[in-house]
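Quick note, the sequences are listed as chains A and B, same order.
Each residue of the first sequence is one higher than the last, beginning at 238 in my numbering.
Each residue of the second sequence is one higher than the last, beginning at 238 in my numbering.
None of these hints come from the bench; they were simulated from the model.
Cβ coordinates follow ideal geometry from the N, Cα and C atoms, glycine included.
Among the hints, erroneous ones may be present.
[To be verified] Mimicking SDA-like on lysine to any residue, the simulated pairs with C-alpha atoms at most 20 Å apart in a straight line are:
| id | chain 1 | residue 1 | chain 2 | residue 2 |
| --- | --- | --- | --- | --- |
| 1 | B | Lys541 | A | Pro392 |
| 2 | B | Lys541 | A | Glu575 |
| 3 | B | Lys700 | A | Pro600 |
| 4 | A | Lys700 | B | Pro695 |
| 5 | B | Lys700 | A | Pro392 |
| 6 | A | Lys541 | B | Glu575 |
| 7 | B | Lys700 | A | Asp601 |
| 8 | A | Lys541 | B | Val545 |
[What the hints assert, rightly or not] Ranges of calculated distance between the beta carbons of each label pair, as one might list FRET restraints:
| id | chain 1 | residue 1 | chain 2 | residue 2 | range |
| --- | --- | --- | --- | --- | --- |
| 9 | B | Asn633 | A | Asp411 | 56 to 66 Å |
| 10 | A | Lys738 | B | Thr694 | 52 to 62 Å |
| 11 | A | Pro695 | B | Asn337 | 55 to 65 Å |
| 12 | B | Val611 | A | Gln682 | 32 to 42 Å |
| 13 | B | Gly408 | A | Pro706 | 58 to 68 Å |
| 14 | B | Lys338 | A | Lys738 | 38 to 48 Å |
| 15 | B | Thr694 | A | Glu372 | 39 to 49 Å |
| 16 | B | Val405 | A | Pro727 | 38 to 48 Å |
| 17 | B | Val405 | A | Pro706 | 16 to 26 Å |
| 18 | B | Gly428 | A | Pro695 | 53 to 63 Å |
| 19 | A | Lys698 | B | Gly408 | 35 to 45 Å |
[Said to hold, decoys possible] Beyond 10 Å from chain A on every Cβ pair, some chain B residues (computed):
| id | residue |
| --- | --- |
| 20 | Pro239 |
| 21 | Thr298 |
| 22 | Pro325 |
| 23 | Ala342 |
| 24 | Tyr343 |
| 25 | Ala398 |
| 26 | Met492 |
| 27 | Arg497 |
| 28 | Gly551 |
Number of protein chains: 2
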Amino acid sequence: MPAQTVEKWDIFEAAFEGPSEGNPYLDVAFDAVFRHKAREIRVPGFYDGEGTYRLRFMPETEGDWTFETRSKTPALNGKTGSFSVTAPSEGNHGPVRVRNKFHFAYADGKPFLSFGTTCYAWTHQPLEEQEKTLETLAKTGFNKIRMGVFPKDYPYNTNEALHDVYEVVNGKRDFDKPNYDSFRHFETQIGRLRDLGIEADVIMFHPYDRWGYCDMSEEQDYRFVAYIAARFAAYRNLWWALANEYDFMIDTKPMERWDRFFQILEEDDPYRHLKSIHNGHADANYDHRKPWVSHTCIQNPNVKNTQVWRNTWGKPVINDEPEYEGDIIQCWGNLTPEELTHRFWITMMRGGYAGHGETYSHPDDLLWWAKGGVLHGEAWKRIAFLRQVLEEDVQNGFEPIGPENLWPWHRISGAKDGDTTIIYFGEHQPVIWTLGLPKVDGNYQLDLIDVWNMTITPLEKVKAPENHPIRHGEIMRPREPDAAFAVELPRRPYLAVRCRKLS
Amino acid sequence: MPAQTVEKWDIFEAAFEGPSEGNPYLDVAFDAVFRHKAREIRVPGFYDGEGTYRLRFMPETEGDWTFETRSKTPALNGKTGSFSVTAPSEGNHGPVRVRNKFHFAYADGKPFLSFGTTCYAWTHQPLEEQEKTLETLAKTGFNKIRMGVFPKDYPYNTNEALHDVYEVVNGKRDFDKPNYDSFRHFETQIGRLRDLGIEADVIMFHPYDRWGYCDMSEEQDYRFVAYIAARFAAYRNLWWALANEYDFMIDTKPMERWDRFFQILEEDDPYRHLKSIHNGHADANYDHRKPWVSHTCIQNPNVKNTQVWRNTWGKPVINDEPEYEGDIIQCWGNLTPEELTHRFWITMMRGGYAGHGETYSHPDDLLWWAKGGVLHGEAWKRIAFLRQVLEEDVQNGFEPIGPENLWPWHRISGAKDGDTTIIYFGEHQPVIWTLGLPKVDGNYQLDLIDVWNMTITPLEKVKAPENHPIRHGEIMRPREPDAAFAVELPRRPYLAVRCRKLS
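Excised from the complex, chain A in its bound form:
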């Protein structure tokens, strides 16, 4: 039995000394074959500077494993080793996968309801700010964060990055020479997020650039993608986000290149982490039906269209930017907290997943959405409450009651999972309600959820109003459904009703 052990879905790492002369990043290739019983998995290795080469592997099966390296470089060829994979420890649920077509779960089967936030450039801020970000994240209910490998140049983001991502040679970045410290730091933070139970949705490319990262050559782009695949893929909490707003770079990175990025990940990420790509303009979505896309990422404020997006692409929908809470001049970043909370509820109650961002102006330009730090807003608390509400009942994923183009589900949002139905009224304030409630009476627990005040209070069944006869056009119009009972509600916005069937 091998001496070294690693737990399932954790990282096995091996390092090798090899050539440091020339440019190993360009010139030296090596990979390894990992074997368990009859299984063989090809795992690319990567150069980590100063003559050190590394292999990282995330085992998904318990038991004994061996590996053997392959390279044209003799020092990196034929290296072997073995290790034993133990059961995962508590809190290690493995990577997140698509489950039930429109939903997610960890590899161990635990449902994953995506509650993401965005701090595009948090790993490029001073270290003490990064500590604050992690402290804040530990207090929130977010379980995913969007973050860029490259730093950000944008309003409120004019400071220099903590690290250059590539070496600066004679005052110019050399995109053939990674700054290994920068990648080391980035993956350290991926690991710290993992330890907080947070998925790292790693954005590869974005247009908000003054350093030239955005204008690397095609070859440099491909090498970058392969490099971070080899380097980061063994982190179980990793998601691949090919771009923030890829369409704003389509002038220099054509569609074929984006397709190829996906293909490189298919080749070099043996674990097939979740992969998606995010648009800028609402009408410039990538074709998420392509086979290498695991889920749909979009930005779109029209959250009542969530089912349309599900139907269009047939995959889970994450609306990363249903606009952000804040008060800045940029029109995507000045929603009231009530409205962002509302959009989260609508999205989740229509079978999708929404993303958070916060952009309150700050005297030192410390805005959460890019730099992290601390939160100043109000929506994040309600989002944590929503997560808690849904996680109490989730089994397969909340599916919209729908159909979304028929009464009342074109106006009201509601979803079911197992024996639990939740109906979210939002801007609607009926004082009595039946639709979506059970058609056969039984033992039900009924609760009123105040999504803003974060309270849950019991509701009583009352007699359902009688159906008014429809004497004309019966086929054409949905009648008031026969519900076994009704609930009475206070007349105010931002309420939901939860109905649980008790055994």
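Could you slot chain B onto chain A? The hints should help.
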């Protein structure tokens, strides 16, 4: 010079005795040719019961007119008369027409900003209720009302109508025998609305019926349309609404029949009053591009799509039902007043016109949207305020700043007319703003409009934030426009900024 005078756009009426035996409604036809100088206008007449036949004519040209009747019925043939048309009196602006492609104006050129409400069956309620409705309307800012010729059978509308619209013979309605009292009463109320400055948007057909009106034969339908055209068209405040929710009747009244209704109006309404038709399902719009449709009527809660509807049909858009303020179980009738006010502002700031309805539950089922009476809500006051704000500046009609799919106008709503720009933020709460404000400095009056609290307060110009350089994707992305100045705003929802250029 003729002894009889009538003012321009008022009603000239002449009555004739004719046969009362048999069924004159079916058997007797007559019309007249009205002449002024070289003009000849054919005007259909109508039977008004008890041997009385009437001709109604709305003259649109001042001066001397004559007419001569034509009929196969000798008593109604060759009758002549003359009258003189005088200038319109104050408050008489003539009928409303389409102007500037997406807008309306009275015939005298005064802009008409449509601020409609809905009381489907108000003329079918007890007379004292009808008086209340008129008293209420006199206090509001509504200048259009949707109302049905036929009574309504629907939840909260189970009472009997004031009049049968057709005679009841042996316990059964005979749709070949109009109840002339019913039509007389209806047109009296059209006239009273006219005297309040309110357009009567007369709904011909609707599916909410228990009396059989909805199931008249094709021939009876056509005769009904021709009859009310002959009878009502001379009212200058008349609009033709072919249906409320025509698609819920498409099983018995196919599309060809709806087209034919429009054609009958084209033939029998010599003044070409505004004509439209209103859908039930959001995806069942009539093809408003058809030449006989003057403007687009829809019901749709997604008011940020207003420009899409303008572009689709190329005509003024009236969204009669962006959902209603209220608290009833029906999902279209339980918006908060804040939300309905918000949807009005968005619609108007995107170049459309919204419609009001109010459906608060009431112990005696007296809901404004169907029965009229009194208003219980809050939105109507804010809608009157919006009308007042826009009428202060309207010249050609408020056109969206747009384009609606580009930053920031896909998220923020704003419109211009003449030298006035209004930007409505709604659910957005920026503390500083530039977009849509003038690019060249000058003498501007700047105001903050609180659309809910109905206040207007002056704003100061402040220095515009500097543009952050866009270093990549410049073609693809709208940059922050160079505005000459900015305004600072309080951080709260439901605000608008008005900018007027002063000479």
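Discussion item. Looking only at beta-carbon atoms, does the pair Gly428/B, Pro695/A fall within the given range of 53 to 63 Å?
Written reply: Holds: the Cβ-Cβ distance is about 55 Å, inside 53 to 63 Å.
Discussion item. Using Cβ atoms and 10 Å as the threshold, tell me whether Met492/B really stays out of contact range of chain A.
Written reply: Its Cβ never comes within 10 Å of chain A, the nearest being 14 Å, so this holds.
Discussion item. Please check whether Val405/B and Pro727/A have a Cβ separation lying inside 38 to 48 Å.
Written reply: Between Val405/B and Pro727/A, where Cβ atoms are some 45 Å apart, the hint holds.
Worksheet item: So does Val405/B sit 16 to 26 Å from Pro706/A, Cβ to Cβ?
Response: Since the Cβ atoms of Val405/B and Pro706/A sit about 21 Å apart, the hinted range of 16 to 26 Å holds.
Discussion item. Just to be careful, I want the Cα atoms of Lys700/B and Pro392/A compared with a cutoff of 20 Å; is the pair within it?
Written reply: holds (16 Å)
Fill in: Range hint compliance [Cβ, Asn633/B to Asp411/A, 56 to 66 Å]
With Cβ atoms ~59 Å apart, the hint holds.
Discussion item. Checking a non-interface call: every C-beta of chain A should be farther than 10 Å from the C-beta of Arg497/B. Is that right?
Written reply: The claim stands: Arg497/B keeps its Cβ more than 10 Å from every Cβ of chain A (closest is about 20 Å).
Worksheet item: Does the Cβ-Cβ separation between Lys338/B and Lys738/A fall within 38 to 48 Å?
Response: At 55 Å between Cβs, range violated.
Worksheet entry | 10 Å cut-off, C-beta based - Pro239/B kept clear of every residue in chain A | holds (49 Å)
Practice prompt. State, for the Cβ atoms of Pro695/A and Asn337/B, whether the hinted interval 55 to 65 Å holds or is violated.
Written response: holds (56 Å)
Worksheet item: Holds or violated: 35 to 45 Å for the Cβ distance of Lys698/A and Gly408/B?
Response: holds (42 Å)
Fill in: Exclusion check [Ala342/B not at the chain A interface, CB over 10 Å]
Holds, since 33 Å exceeds 10 Å.
Comparing the model with each earlier hint shows violations of hints 1, 4, 13 and 14; every other hint is respected.
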